[in-house]
Each structure stands twice: as C-alpha cells, then as structure tokens.
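Order-wise, the sequence lines are chains A and B.
Residues 2 to 768 (our numbering) are what the first sequence spells out, left to right.
Residues 2 to 768 (our numbering) are what the second sequence spells out, left to right.
Accuracy of the hints is not assured; some may be wrong.
One copy or two, either will do: identical chains are not told apart, so a pair holds if it fits within one copy or between any two.
Claimed, not checked - Taking lysine to any residue and the SDA-like style, the derived pairs with C-alpha atoms no more than 20 Å apart in a straight line are:
| no. | residue 1 | residue 2 |
| --- | --- | --- |
| 1 | Lys235 | Pro183 |
| 2 | Lys239 | Pro477 |
| 3 | Lys475 | Phe241 |
| 4 | Lys239 | Thr420 |
| 5 | Lys436 | Thr695 |
| 6 | Lys724 | Asp707 |
| 7 | Lys752 | Asn713 |
| 8 | Lys594 | Ile607 |
| 9 | Lys239 | Gly548 |
Keep in mind the hints are simulated off the structure, nothing from the lab.
Number of protein chains: 2
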Amino acid sequence: MRIILAAALVAAPLAAQTGRPSEAVNVFIGTGGEGHTYPGATAPFGMVQLSPDTDTGCTIRDCYGHAAGYRYDDPTIQGFSHTHFSGAGHSDLGDVLVMPVAGDRVALDPGDAKVPGSGYRSRFSHARETASPGYYAVTLDDAGVRAELTAGTRVGVHRYAFAAGRAAHLVIDLRSSLYNYPGKILWSGLHLRADGTLTGFRETRGWAPGRKLFFAMRFSSPLTDHAFVDREEKVPYKGFAAPGRGSDAVAEKLGRQLEAQLDFGRLTKPLEVRVALSGVDENGAVANLEAEPGDFDAIRVATRGAWDRALGAVDIDAPPAMRTNLYTALYHTLLAPSVWSDADGRWRGPDDQVRVATGYTVRSTFSLWDTFRAEHPLLTLVQPAQRTCDVVSSLVASREASPYGILPVWQFAGRETWTMIGYHAVPVIADAYLKGIRCFDAPRALDAMVASASYASYGGLGEYMKRGYVPIDKEPEAASKTVEYAYDDWTIARMARAMGRTDVAAQFDKRAGYWRNSFDAKSGFLRARLANGAYRTPFDPTAINYGSDYTEGNAWQYSWFVPQDQGALFRLLGGDAKTVAKLDAMFDFDNSKLDYSHAEDIAGLIGQYIHGNEPSHHVAYLYNYAGAPWRTQERLTQIVASQYKPTPDGLSGNDDLGQMSAWLFFTGLGFYPVAPGSNEYVIGRPFVSRAVMTLPNGRRFTVAADGLSEANRYVSQVTLNGKPLARSFIRHDEIMAGGELRFVMGAVPNKGWATAKAARPYSISGY
Amino acid sequence: MRIILAAALVAAPLAAQTGRPSEAVNVFIGTGGEGHTYPGATAPFGMVQLSPDTDTGCTIRDCYGHAAGYRYDDPTIQGFSHTHFSGAGHSDLGDVLVMPVAGDRVALDPGDAKVPGSGYRSRFSHARETASPGYYAVTLDDAGVRAELTAGTRVGVHRYAFAAGRAAHLVIDLRSSLYNYPGKILWSGLHLRADGTLTGFRETRGWAPGRKLFFAMRFSSPLTDHAFVDREEKVPYKGFAAPGRGSDAVAEKLGRQLEAQLDFGRLTKPLEVRVALSGVDENGAVANLEAEPGDFDAIRVATRGAWDRALGAVDIDAPPAMRTNLYTALYHTLLAPSVWSDADGRWRGPDDQVRVATGYTVRSTFSLWDTFRAEHPLLTLVQPAQRTCDVVSSLVASREASPYGILPVWQFAGRETWTMIGYHAVPVIADAYLKGIRCFDAPRALDAMVASASYASYGGLGEYMKRGYVPIDKEPEAASKTVEYAYDDWTIARMARAMGRTDVAAQFDKRAGYWRNSFDAKSGFLRARLANGAYRTPFDPTAINYGSDYTEGNAWQYSWFVPQDQGALFRLLGGDAKTVAKLDAMFDFDNSKLDYSHAEDIAGLIGQYIHGNEPSHHVAYLYNYAGAPWRTQERLTQIVASQYKPTPDGLSGNDDLGQMSAWLFFTGLGFYPVAPGSNEYVIGRPFVSRAVMTLPNGRRFTVAADGLSEANRYVSQVTLNGKPLARSFIRHDEIMAGGELRFVMGAVPNKGWATAKAARPYSISGY
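Whole structure, please, built from the sequences with the hints as guidance.
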C-alpha cells in the first residue's frame, strides 16, 4: 500500500506560491527581548554570519543582552562583524569587525553611544534598516554611509555607498568581540599581501579557550593608504620594529590589540568588500574567498535562492502572523550547526590539529543540550539526509580528535566549551540512525557514543555508572544529570539493538532505568541524592540556582524528564489523574512570591512551566501520555499565544541555535518529537490551516486543519491518508512515506480521542 | 694537471686518529664570560638543543648573561629545556623546561637559587658534571637525581636516575623561558593522550612575535598520576571547567601559565623521557618522535657518531689547547642554521602558514649579519653541498612565504625578528652559487636577492636607492647600512653576471660603489651623512651608542667595511703606508678613557679593534691588501692569544651562532674569507702544525706548517702543492681540487712575501 502511494506522492514542483518563502521571514524576531538572535546576513548553515553589532564594549554581565551583537533597542551600530550565534544563552564571536568611516578624521575607538561623533560608531534608525534572509541594509547616519551586507557559505560581502565627495575609509577592529573582557584576545595578526588581499587572524580565549579564526579580505577599489595599529599599552618587550613607518607600506602587524585603518580616497561607486573566513589558516581563507566568486549582487541572489529552496521545504498556509512566525522559526533552525571546514575539506579540531574531511562537510556550533530535542529531529524532515550525516560525521570526527575522546557537548569553531550537561550528541546520532539515515559510519558512531557515556571523569559519570545515579555531594546538578544520562543511554540501547549489538543494548537498557534512582516517589519530584542514598535537604521544588540540584531549572521542570519511559514515571506519580493534576499544578503555579531575576535564561514563565528554557519544552505534550490530549491542545494554545510574536521581542527566551524555533515549527504543524530516538512525534494541535512538506526523499507530506480558527483550537478528529487516526502520535515512517495528516478542528475538546493506553505515545513500560 | 691530481687526491678513509674528534671538543667553552654558548646535548644542526638552564627568572636586562640558559658560575640548575641559541647576543627559547623532583613534596616554582629547597631547582657541582657533543650529565644534589641528556635531530632524550625508594616526579614548566618577561607567553597547552603520550605547545611573543612550538613526550615508565595546573592569576573569565578533578584523569589544559606535575612512583630503573619538537603541530611532534626511535643509549651512540663524522671533516694536529679550541670552534659552527621542518617536510613559515618542503630540509636560526662572514663560507668546505643548498632553499622559501616578500634578516623558528641590519642572506646565496653549489633554484634565489635589495621600506633602502647612501636624518645607523648594502649589492652583481643576467649585474655593480658616498676622505672615516649631503656632526669616531651612525660599533670598526673594493678604500686613505698606519692606530688605540659598559656585545677590545663583535672580524686580514701580510700575521697571533681559551670564559664575545668560532677555525688553518662571494680566502698564518680537510667532494686538502711554535709565528714561505705561492690569498677552487698548502714558519717576518699588487687579495679596482 505504501509503495503504491509512493509513486503518486513523489513531488512535482509546487505550484507558484504567493511570494518567495524568504519574504515571509522576519529576521528581526528575537533581536529584542530574550531571543538573542541577529538580523544580519547568512547563508543556510553558513560559516559567516555577517551582522551589525550595536554594542560590544560591555563587561561579562552586561554582555548577556548582546550575546548576538545586536539589540533592537540600541541607537547606534558599532560595526559589522562576521560571526554570531543565533540565540545562544552564553556567547562569544563577533569576529573581524568592519566599520565604514567617511571624511578626513578617522576615529579608531568606537566611542560612546551616548555621545555622537565620539568614535567610529554611528547612529542608525530602523526606518532606514531592512533585512531578509541573506541580506541586511542600514543607513549609518553619522557616517553618511548606506551599508549593505550579504553572505555566501564561507564569504561575507559588504557594500558601502559613501556620500559623494567624502573620503572613504574602513576601520577593522580586531579588538572587538562579543563577551569581550580584558585579556580575551590572546594574539592577532594583519597581513597586507602584495596582491592587495588583507589577511589576518585572531586567537581568543573565554568560552572556547584557544579559538583560532582566520580571514581574507578583498576590496573592489584599491587601497590608497593603510595603517596597522597596535593599541596595546605597556608591552614590556616588543622585539624589533618591522619595516614600514609613516606612509611607508606596512605588510604585517602582530599583537593583542590590533586595528587597521584602510583608506580608499573619494570613490565614485560603492565600495564592495569580500571577506572569507577559515578555521585553518590565512591561506585557507584566501582559498575560501576564491571558491565563492561573485560580487555583492551575485552572492546576494545566490543566497536568496538558497534560502528560498531551504525554506521552500514547507509550504505554509496560516494566518499572517503565524505564517511569519513559522517561516522565521524555520529560518532560525537552518542556521546551525554551521559549516566549519574549509572549501578544500581542511578543518581544525578540538585538539587544535588540522585534518581533512572527505565525503562530508564538517560542521560546528553544537548547542546539543538544546538542539537534540527538536532542532536535529526537524532537520531530518526538512533537509537532505546528507545534512544530518554531515552533523553525525562531524560529531564522530570531533570525538576522534578530542583530547578527551568523547563527543562534543557544546562546541563551536571546532572547540569544546563544556557548557550544559549530558552527552546529547548521542540522541542526535541515534535519532538519525533509527530513522534510517545511514550515510555515516555507524560502528564508529556507536563507539563514540559508548565512549562518551563511559568517560568517568565527565560530569559524575563514574559515580553514575557505579551507583545508578549522580550523587549531589560528588557533583553539582546531580538530579538533572542523572535523568539526562538515563535518556541518552536509552538512545544508545535503541541504536545498538538496531545494529545487532545486543551486548551494548543490554548494558544501556539497564542504565536507561537509572532515572528511577533519583526520583522521590514520596514527594513526587525528581530529587538529588547524596552518596549515602538520602535525598538532599532542604528541598524546595521552586528553587533555581547555579550549581544546585538541577541545571537551569528546578524540580518542577526536571521531574518530567523521562522521555524514554513516561508511562513508568506516571505510574510513580500515581496514575493518569494525579499526573494531569500535577501537570496542571505546574502550569497554574502562582509565581507571585518568587524572583528568578538572578538566573539567566529563566524567561517565559507560565507558572513553573518555563518556555524560555529547554527543560520544559516537551512538558505540554505529556498530557497525551496520561490520556488527556485535549489538555495538551489547551496548553499549546496558551504557550504559542503567550511566547511567540512576529516582533523583535517575539521570542520568550534564547532561541538556542534553533531549538525555541524548532519547537514552534513542529508545534505549528501539529506534532513534536518528545522522545528523539523513538521515531514518534506526539500530536498536539496544528496552528496552520495547511502545510505541505517536501521531504528529503522527494515525497510530500501534508498537514491540513479543517475549520482552524482562534475559537476552533481543539482537535475533534484526525485522519492519516483518509483513515481515522485513533492514537495521539504519528511515526516517522508514516511521514516519510508521504501523505496527508488531516485535522478537523473544533471549539470544544474531544475528550474521547486517543485516551486508550494503546493510543498513547511510546513508552517502554507502556508497550 | 688538476685532473690528474684529482684522482690521487680522492679521499681514502683516514688512518685511525688518536681518539674520536668529538672527544677533542670542550662544550663548556663559552658558557662563562661573554660566549653565550650552552653545554647541553644536540645533534649537528639539530632542532633540539637540550640543555640545562641555570637561571631564567630574570628581567630583560639581567637576561643577557643567560641568553643560552646556562652560566658556568651559577650554583643551581632550574631545569632542562629543549631549545637554545649558541652564542646569540639577544635571546629567546628555553622551551619546555623539564625538571626531575624526588620525594613526597613537589614544588611547582623554581624557588630562590640562594635558598636551597625553596623550589624545584637543585644545586649542582661541576665536579659531578660532564658533557661532550650530544651528551650532558650532572648530579642534581638537592633532588638526589643523576640527570643525563642526549639528542637526535628532532628528539631530545632525558635519563633520570632517582635515589632508591624516593618517589619520582617530573615538573614540566611551560612558564619558563629565556628572555622571559610578563606577558611573553601568549598561550600554551598540555594534552595527555590515551596512549600516554604528553603533547603540548606554546605560543610566545618577544624577539619573534607569535612564535609557535609544539612538543610530544613519552616516558619509559607509565604515569601513576598527573596534574595540569594553570598558575595564571586574575583571569576575568575562564569559561567552563573541563572534565577531571583531583585524582581524575585530566586530558587537557590550556592557559598562559601552565605546569604539569607527572608522577611515576618509586622506580627500580632510571626514567627515560623522549621528547620531540615540531614547529607545525602536536601531531607533527608525535611523528617526529616516531621518526627517531631508540632509547637513550641508542640515540646517544647515533649522535656521537654523527658528531664524529661531522667533526672528522678535519683532522687537526696542533698543540692541545689549540686543538681543543679548534674542534670546539668547529663544533660551534655545526649547530646552526638548525633544522626547522618536520620529518615529513612540513614547516611553518614567517607568515605562520604551514607548507611542505620537498627535496630539502628547511632550516632556521639565521643570524645572518654575523654568519655571512665566515660561518656560511666554512660550511661550504666542511659539510656536504646539500647542507648549503638546504640553507639557500630555506632562505628562498622563507622569502616566498614572507609577508614582506624579502629574505630573512635574523630569523628563528621560521619567524623574522628584524634584528641587525643588511640583507646578508644575499652574500650567503651568492657565495654558494659562485662556488659552484647549484642544488637550489638559482633564478628564484636571484629574484629573492633583488627583491630584498629593493624593498624600499626596509632600513632606509628607498633612500639608499634614491641617493646612493642612507641619510642619517631619515634612518638610524645609516653609515653602517650604506656600506653593508653596497657589499651585499656587489655579491648580487657577481652572481647575476655568472648567471648571464647582465642587466641585474650592471644595476648592482653600480650600487656596489655606493660605499664611497658615505666615506669622508678628509677625516679618513666612514661617516653618516644627512639628506642634504653634509656629514652629521658632532663626530666622534670612538662613540658607540644604539641608534647612532653605526651598528654596534663606531667609525673605527666600520671604516674598514668595503670587502668588495679594499684597494679603492686604501687609495682613499692615502695608500699602503697610511692604511697600515691607520690599521695600527686602530689596534694600538688607548682606550683607557673610554667606557663601553652600556653597550651589549662590545667585548674583546684590542684598542678600537673589537674582536667580540663582528664588524672587526675581517680587519686583521686587511694588512695583506696593503702589501704587509706579516702585519696580519702579527695581529692574528695577538688576537688568537688574547681572545680564545679552552675554558668556560674562553670566548671574548658572543659566539653568534658560530661566527666567532668560524673566525677561529679559518684563522687556525691559516686563511679567512674576507669577502664572501670573491671565492678567495686571505692567507693569515696557521696555528696548526697540520690539518687535513676531507672536502665535500671527497678530496683532501692539507694545511701544514713546518716549524710552527710560539716563537715561529711568522710565515716565511708558502707552497701550494709543492710550488711556491707568492700571493697572500688562495682560491676556493684550489682548495676544492685537493692538495697541500704548506707553510714554513719562522721567528721573523718575511716582509718580502706577497707584497706586490698582483699578489694581494681580490679588489675590484685592484684588478
């Protein structure tokens, strides 16, 4: 039956839609509030994220709000730098800041945003700012320059139109960075090559200690003069001076606080600057620059096409605000993991060694604690399988290059940051394998997964393996670690069994049950235990503190994290009714006496449900497991309405490299991967009247919602390919076969749909 | 005739000598006084110079005396580090300091040399210290450890015998360095690999900004425990902690002030530590380690063999002290330029990019202002031609990788330091080419020479090309630069003409005469001129100051630097008699009222002749050009007796990477290359009764001195291959043909020998 369907479902080109998909994106969503997104130019998964930085001169604490460089409320732009995270809760990057300056006086410091003219920064207005995927433009009022940005995969292109008659300059400020602080910049360099190419590098510490980035820059007009300046004071010993002084050519400058002033004279046409990055070396950056030829307009058109193709994986029919939210969400999910290897395949690994990747593109920027949940599962539906295989091969190659011999935890620019907890590269790999994606080396991957789950020095794993839980007196955040390890272990077991490695499967199946060892049935909460077996006291399920029993959360959020065995959890909680009551208690909790302002990334609160951070993300879907899918539908309605808007402050929390957006995208379509590795998506309710996915295998899968309206927020009926679907989940293979998932929406709950045990989503003990 | 001779002269193995040549070397010569040599273990031209550092905790000024890490007078050893310059006047290196520590308490700071037990440093005594080429041993009294060192090309091997029953530890102190100062260490890393290999790196600034060095280390006994420690205080933001605490395994540490403590427990046999270096990356260091297998004894024996072969290029019969001096001098000339490329040919260039060298070994540590004089010319006689081609190919490859597009000036670890003046890679290359050494790419080399001589931004070259001299109001040390450029230019012209590039030859022949533009015939001195043509006043021919008219010298020394045209210079000075009188005035100058203590490297004074620094090195030979070779013989007797001793303070100045030693070696054999590029050696007087050189072409050239004694210090008669030699120079091809240069020595000067114009050494205007 499926085979017969398949032929009919293989996609023909979609009929012309109303406008390009890229036009439905609002790249400013998340640039205010807590979203930490950036509005600048980037290609899908591009190595370059060329975006305005409105402020970087901040201490570490102040930096949080400027994690992506740009804040919508800021009045000035400091410059345009080439690397940014989309929605990270911690930050770094902001590399190779370029700022156009016009006139005879060139300031080399950014100056005070409150004092116009005090530096090279410039005021700007949103009225003269526009942006879309792969393109950003703004008028720099003080400089009198129209600035445009676009980007290819490893290339960013600037176009600066200077006012007629004013001398054109660029300032390259290698001192500028996000999460900057004294001593961050370890070393940097500028080289002006004989052919006019400017190359350079920067080594920094901080979030990723010893990170190296190289660049190459070419200009559409020749330099009339240049100066390389070392702004570092008090260098006890600088060595001997290199050739070049005053107006003489300076070929090279090395130092810790470098700037370049580039002069172009009075130009009769806009200045275009092509910049490529490399993680390998300056020659790699030059090669990357040459691998993507073309001027500003050519790169802009090519990248717009790439975005239209990528976003065109789904054709969405929904109310305008929701359509914008969903396309923007999809856009945000297609930014990371970003390209890290050079065009020739060379890449720098976590051990700082350069290797060559063959058969795949190395990717980095892995915010895995966030993205294992929905971001990576989404990519298996909207991107070619090779994209996921790039991810898996990159993870495995990184592990093999890791000084620790384990998979990435939170990695960018090829380097490990040891941020957050778990070994969540594991569910990403298992999810891919179990979905039948096999363009990677599975035995090597399983080996990497087992190694990561067995590295005793990491996050209390030694204790976990010995005792069946992480003891809080040996390791902070022990409760969260215990349950996340147990889930990750379950995905290892699943993949190992599918590979016929029953030895590994048995070992990790056992560990998958270790969540029980930290669950206090008496209080009904996951709790941290001491090495002596006792639960740690005092216990306050609302407390959120760094280094506490939990990770960026408390007992309310973390007690629900058993994706591999929700049924067993719910039995511990006393059954369906008590579970529903406890879920309700979470959402309806009265926070009025609580203050979480000390904790970063605790935003988007609905009672003790915290949508702005990931531990809550699957919780609204759990009513399904207790036989009350209509309650899930209600909660999703509540969350979507309160947590997402098509405005700069439209994300209630950090987008976390696409996870917040992936949640919305799945939820908008009506289902969500509560347990990656299960090959099931739990059905919620759709927020689109129709969405047609063109799947990686070329087939089409349609979601339709008859009668959808604000009032009709409940699912009355569901059919899959015309047949009633009595269960509250759908399997991955059912989607990949192509077909139609059709909802009939109603104003009142259908409390009889999918309530039976067998109709509920996967759970070990439920089957 | 020569052809017939050749067959007879092709070398058969020499009859067994009395002892190995390496046994004649006293590696402690120069480790006291001003020599700046080190006594540690190294192979010929080895990348590794594994040697004790007696003190490194000094400020920049104090560091001068510890330029090579070891001072013979010091009472303690701080540790054994892997890189050292032999005789540099400026310094750096001292990388990867290793110190054995015994017992239960391990200090991580070196402590105070005056307070025994205050740190990991240890007292030692010369009575329990021994060293020979490729081997060093000492008893560390405080640690109770017998320490031995040896080295291969890219490998150093330590052997530490701990006292029975005491726990064995090593401290690796990556903070330690020569010419250390706050902020020098930019970044460093330690990695403990799963196979037990310790790898790491260090990036430093200072003399060579942005220098990178990588290492790999393996141990004959397994680690029982280890700790990596970051000693940096006040890091504002360190990122998140990597796995491993307390007794857990720590796989990696990155930071700016790193140390490792390695524990081995109680050992029943000596601990051997094999260490390889690389300028490329840590994997390169591992590969270099594996490319030279073998334990301590195997490496020691192999390197001793290599030294015996290298030193065996000359078989010397001389009074014991002189024989020691000469073999030690030869040893010192065979240390640099040292190997820089990895075993697989990869190397890091002056632009920090990694390339692969094929067909030659990349060498670095080019102290060219010193070594173009006699060190490089000597290598053409005592080393295979490939060694010189390695040098030339390395210089040319460096130039092609240089951000400035010019040949190295003073380079080490592949990086330019811009120390001293001139473009003296040029005479090194020309000397090689003109001697018929052709295993390098001559057109590329000539291109590099011309580029270096035409780089306007370098050292006033733009002005020099425009005006015919460097004006002192535009560029410091203008007088020295003018004459050194003119000489370098002459060698370009010579090589270009030999290559048939008459265009280039004509251009640089003209420039070779520019020395005249800075020579004040009225005062009889080379003087600095202003841009307006006037000589700068006040003028004091005895003044020595940094940034003065001259480079590490004054008018007395520099007025003799016209190697390409001494005849013309002497005519300017008023002819032979006046020249001889002026030379005598220099040597016999009364310094009693002068104080040069402010100037480094001004040592070894004989009047205004300063043997401790290079500008004087050719001067004693200039009497020959004025028809008074017996005066040269007298001065050489005077210099050798006063400036060289077989004792730690036996060098009167910095050995300067072999130049001081090369002077002695040539002089000891009776001739010296006053003008490299002329293919002539000026005859002085021999200090050996017999020396047999086995030349690179396999032939033998013998120097014999009949009747040599302290009294018989004059040359009475000279024959070449049995025929009287009436001229005071010998040509390179005459040496390379093999044969015998025989002197008959006498107690009184032969004032009639080689006085005729035609009998004098090469001079443009003299021919």
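Hints the structure violates: just list their numbers, smallest first.
none
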